[in-house]
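Work out the full structure: start from the sequences and follow the hints.
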Amino acid sequence: MTENGSSTEEYELSVKQQQFIAALVAGNTIEVAAKAAGIGERTAYRWFQLPHFQAAYKDVKQIAFDHALEELKSGVNLAVETLKRNMGATVDPAVQVRAAKIWLDSSLAIHQNNDLEQKHAEILEKLKEMGVKP
Numbered sequence: 199m200t201e202n203g204s205s206t207e208e209y210e211l212s213v214k215q216q217q218f219i220a221a222l223v224a225g226n227t228i229e230v231a232a233k234a235a236g237i238g239e240r241t242a243y244r245w246f247q248l249p250h251f252q253a254a255y256k257d258v259k260q261i262a263f264d265h266a267l268e269e270l271k272s273g274v275n276l277a278v279e280t281l282k283r284n285m286g287a288t289v290d291p292a293v294q295v296r297a298a299k300i301w302l303d304s305s306l307a308i309h310q311n312n313d314l315e316q317k318h319a320e321i322l323e324k325l326k327e328m329g330v331k332p
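Residue numbers in the sequence shown follow this note's numbering, run continuously in steps of one, and reach 332 at the last position.
No wet-lab data here; the hints were simulated from the structure.
Below are the DSSO-like pairs computed for lysine-lysine, each with C-alpha atoms no more than 30 angstroms apart in a straight line:
{"no.": "1", "residue 1": "Lys214", "residue 2": "Lys233"}
{"no.": "2", "residue 1": "Lys271", "residue 2": "Lys282"}
{"no.": "3", "residue 1": "Lys256", "residue 2": "Lys331"}
So this is what it looks like as structure tokens:
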């Protein structure tokens with residue numbers, strides 16, 4: 199792949215494309231990420247039209263998101279203990295209510311997610327029985 203997006207190797211990213219993706223995933227705008235990678239905005243937008251670039255960008259975003267989720271998971275026990283402590287009788291009633299609301303909202307979200315996962319699995323199974331590939 200040449201720097202302007204023309205095809206030399208259809209599925210390999212150039213160094214500049216890798217730099218551009220890294221800058222995007224770091225939270226930069228397309229304009230800032232393009233400058234960081236040393237490319238023009240038009241080139242950046244053209245790259246977004248390339249299927250292999252889209253796939254690579256999606257993969258890198260997913261990896262970054264998965265990493266962020268792992269970071270969140272690492273603090274769950276501390277967060278739960280903090281909520282428990284702040285639902286106690288020795289803290290301001292407003293803090294107790296807020297902690298209880300967070301606890302209930304989180305519990306509801308977990309329940310809804312589990313329900314959706316079960317329904318999704320059932321739908322996939324029915325599609326499989328019908329001979330449809332999802």
